[in-house]
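J.: Chain by chain, the residues run as shown.
There are 2 protein chains.
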Amino acid sequence: MKDDILLSRRTIRKYTSKPVDDELLNEILKKGCRASTTGNMQVYSIVISKGEDVKKELAPFHFNQKMVTGAPVVLTFCADFNRFNRWCEMRNARPGYDNFLSFITAAIDALLVAQTVCIAAEDEGLGICYLGTTTYMAHKIIEVLRLPPGVVPVTTVTLGWPDEYPEQADRLPLEAVIHHERYQDYAPGDIERLYSQKEARADSQQFVRENNKETLAQVFTDVRYKKEDNVHFSKILLQVLKDQGFMNQ
Amino acid sequence: MKDDILLSRRTIRKYTSKPVDDELLNEILKKGCRASTTGNMQVYSIVISKGEDVKKELAPFHFNQKMVTGAPVVLTFCADFNRFNRWCEMRNARPGYDNFLSFITAAIDALLVAQTVCIAAEDEGLGICYLGTTTYMAHKIIEVLRLPPGVVPVTTVTLGWPDEYPEQADRLPLEAVIHHERYQDYAPGDIERLYSQKEARADSQQFVRENNKETLAQVFTDVRYKKEDNVHFSKILLQVLKDQGFMNQ
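Protein chains in written order, with my numbering: chain A, 1 to 249; chain B, 1 to 249.
Worth flagging that the hints you see were computed from the coordinates, not collected in a lab.
Treat the hints with caution; some may be incorrect.
As the list claims (entries may be wrong) - Computed cross-link-like contacts, DSS-like style, restricted to lysine-lysine with a CA-CA straight-line distance of at most 30 Å: (1) A:Lys198 <-> A:Lys14; (2) A:Lys30 <-> B:Lys198; (3) B:Lys213 <-> B:Lys235; (4) A:Lys242 <-> B:Lys227.
Using the sequences and the accompanying hints, generate a full structural model.
T.: What follows is the structure, encoded as structure tokens:
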């Protein structure tokens, strides 16, 4: 791998029309499947959508983010106990994976594979973007991709050759997210210190102005990630887990 | 990065007594924090436990797997809205992140960071092992690490210099986990084909004999990942989400 690939990465939302070669994609996916997996069960699936029709069907459920139809490849990473359950049933074994813990286990599997695929792709010069909309609209993505019971989409990644070179996103200082030995809770002075750089950035201040808010935090709570939306999509997601057979405990 | 680091990796459960240098660990964690994060909120925390006392306290809640006290570093990756909520409250913003969707959002953040940290560590020659016990015993890990409301441990990684070079774990053929355009469900013939190599392995057959079972699948359903345990730990985990303030929807 290129030396600074992890440190220098940026999310890519604009791709050239050049397709991603099948052989290259397979190589990347193979690397992804070397990621750790609970008990070596590999309880995940990856749906590779390249066709215009499927991408167009998916687009509204990703709130029409341009990457969905603009990227040559859309990867939907799913928590998947369906395949494992079918194997068990054919082998005189009674699967007990229709519960919440099993969903979380499978979601962890899917996410470790997703991130490994992304790193392998970036190492080849490809660009990626995660779509958080997957957990909001899982019920609709299930319909489009025809996911059977035992399968829940957890995240989506768009993939292609970069057609932009954006600024790298800012991050909080490392000390903001690490704790030594045990968790040290944040005093007001800590929060002031840890968020000061972020708040002072020109792009943050512009963001506040554009949204007619007083503070950057209000842009998150009142505009981007609102309570009413979170509550609404929480209910839907819990219903999805029930419908897909993961809430029998 | 070394070229074949993703393809040649193996999980390491035995470590030398050589400590992991602080500077190296920080570099690895910094790379981890370049991973994608929802809306750049960074709603995760990493608890770094190196002290014998904390590791000994954690060990029973990881079912005394030898890696916990045997590794120089234990990393607990947490879904964390606590820091973000505190920031919002100090900035006249009303956080609405006490719901299930927000937990999933934060868990995704934490897992993408975890896997990036693991890859960065392996690229330095370090060995890692994920502990799936974290979601079983989250309530106890919360006590040991003193995690406040808004924080839930999602996975744990042990880290150190390898003192073994185990065989690489087997994986299903790539075609088992990928689907083109939409999900193609598995017919019995598919399952036979996809699991045949795994079942034919000498270590799989030994595993079946040692556990006095008829099939490999039964080792999973009757011994390793039993329904009664999954149901039990599902109830506990859902209670943890409630107790930590993520089930108000």
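J.: Next, verify each hint and record whether it holds.
T.: We went through each hint and held it up to the structure:
For the hint pairing lysine 198 (chain A) with lysine 14 (chain A), the CA-to-CA distance comes to about 25 Å; that is within 30 Å, so the pair holds. Note on lysine 30 (chain A) and lysine 198 (chain B): the hinted pairing holds, with a Cα-Cα distance of about 17 Å set against a maximum of 30 Å. Pair hint lysine 213 (chain B) plus lysine 235 (chain B) holds up; C-alpha atoms about 28 Å apart against a cutoff of 30 Å. Pair hint lysine 242 (chain A) plus lysine 227 (chain B) holds up; C-alpha atoms about 17 Å apart against a cutoff of 30 Å.
No hint from the list above goes unmet by this structure.
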